[in-house]
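Chain order of the listed sequences is A and B. To convert a position in the first sequence, counted from 1, into the working numbering, add 28. To convert a position in the second sequence, counted from 1, into the working numbering, add 131.
In short, the hints are calculated from the structure, not lab data. Warning: the hint list may mix true and false statements.
To be verified - Which chain A residues face chain B? A few, computed with CB under 8 Å, are given here:
id, residue
1, M29
2, Y36
3, I37
4, V38
5, A76
To be verified - Label pairs and their calculated CB-CB ranges:
id, chain 1, residue 1, chain 2, residue 2, range
6, A, L41, B, P270, 27 to 33 Å
7, B, H236, A, E65, 26 to 32 Å
8, A, A45, B, V323, 22 to 28 Å
A quick note: this is a predicted structure, and the numbers were derived from the prediction, not measured. Note that the Cβ used here is the ideal one computed from N, Cα and C, for glycine as well.
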Amino acid sequence: MATFLAAYIVVWLGVAAFVARLARRQRILQHSLAEIEEQVQRSSNNVAGNERRQLPSRPSRAA
Amino acid sequence: MLKTAKNLSAGYVAWHLLVAMLLAAAILAVTSAPMEQSMGHAQRVLYVHVSVAWLGLLGFIVMAAASVAYLLRRDLAWDYWSQSAGELGWLCCSLTLVTGSLWAHAAWGTWWTWEPRLLSSFILWALYSSYLLIRSGIPDAHHRARLSAVVAVLGVLDVPLVMMATRWFRGMHPVTPQMEPSMRAVMLLAVVSFTALFATLFLHRRTQIQLEHRVLTLRNGTNMPGNFSAGPRNTSVPTSAGGSS
């Protein structure tokens, strides 16, 4: 019975290691996606700021 | 919204069914399946050994088929299928060698012997390993896919050799042991449940590989440094990431 148990434990340890690796890579992936999203957000904010600066200023009432 | 909820519940049910099948296979292998007279309890290793051995062979066939599709279409989407099958197949092939070795120690009194079935299985494991080593060493996505596809297509010739080794050559490994119907039923349940688990992990891994390539493409587009510490060392942009999936 010890041989059977050892074989079963080995197989499940192997499957668990694969699932753990899958989960770790998923975490890295989500972290990377969040980083890219942040970068894109920052770039779009910069573009909007530049556009606002380049708009011609309104003529004053006095003029 | 309703569709998503339906998909979620279907996935939930399928996942529970899979866990129940795996548990049932493990419990029935100990309780319901009769004990073999000459080998005793050690024979029960067969239920898990045959399941992972079958998946090791199936993994190589899937890997080679996806590699052929890549070589014909040059679409990286096929390479993702091939990589996913290669990783899982390597795991199953390694587990086959370990569980087989445990069984051999109980049955033959030795952990390992160079008989035809064991030798051809070891060659299969070496082919899987070289496929994964090649993949980890080449940064360009298409170059990597092409070289590893060649290894997979040539390596698949070993699969019939593993399957027929006990018939073609005289060795110690049992050919097809005679089984009682109850033993056969437990074996079938174990093989089906492990195959379902393999299919689930295979699909998950394939989706993940595709996403990793997309993230790398986005990173290259935004000039961010690549940081997949455990991921592929690919820094070149795949031309058809996600292609036909």
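Taking the hints in turn, this is what the structure says about them:
Residue-level restraint check for M29/A holds (minimum Cβ-Cβ distance to chain B is 4 Å; threshold 8 Å). Below 8 Å, beta-carbon pairs count as interface contacts, and Y36/A has one with chain B at about 6 Å; its hint therefore holds. The interface hint given for I37/A is violated, since its Cβ lies 10 Å from the closest Cβ of chain B, which is over the 8 Å cut-off. Satisfaction of the interface hint for V38/A is found here, the shortest Cβ-Cβ separation to chain B being roughly 5 Å, below the 8 Å cut-off.
With 8 Å as the threshold, the beta carbon of A76/A stays out of range of chain B, its nearest partner Cβ sitting at about 17 Å, so the hint is violated. Judged by the Cβ atoms, the range 27 to 33 Å given for L41/A and P270/B holds: they are separated by roughly 32 Å. For H236/B and E65/A, the Cβ-Cβ distance of about 53 Å falls outside the hinted range of 26 to 32 Å, so the restraint is violated. For the pair A45/A and V323/B, the supplied restraint of 22 to 28 Å holds, since their beta-carbon distance comes to about 23 Å.
Checked against the numbered hints listed earlier, the structure breaks hints 3, 5, 7; every other hint is satisfied.
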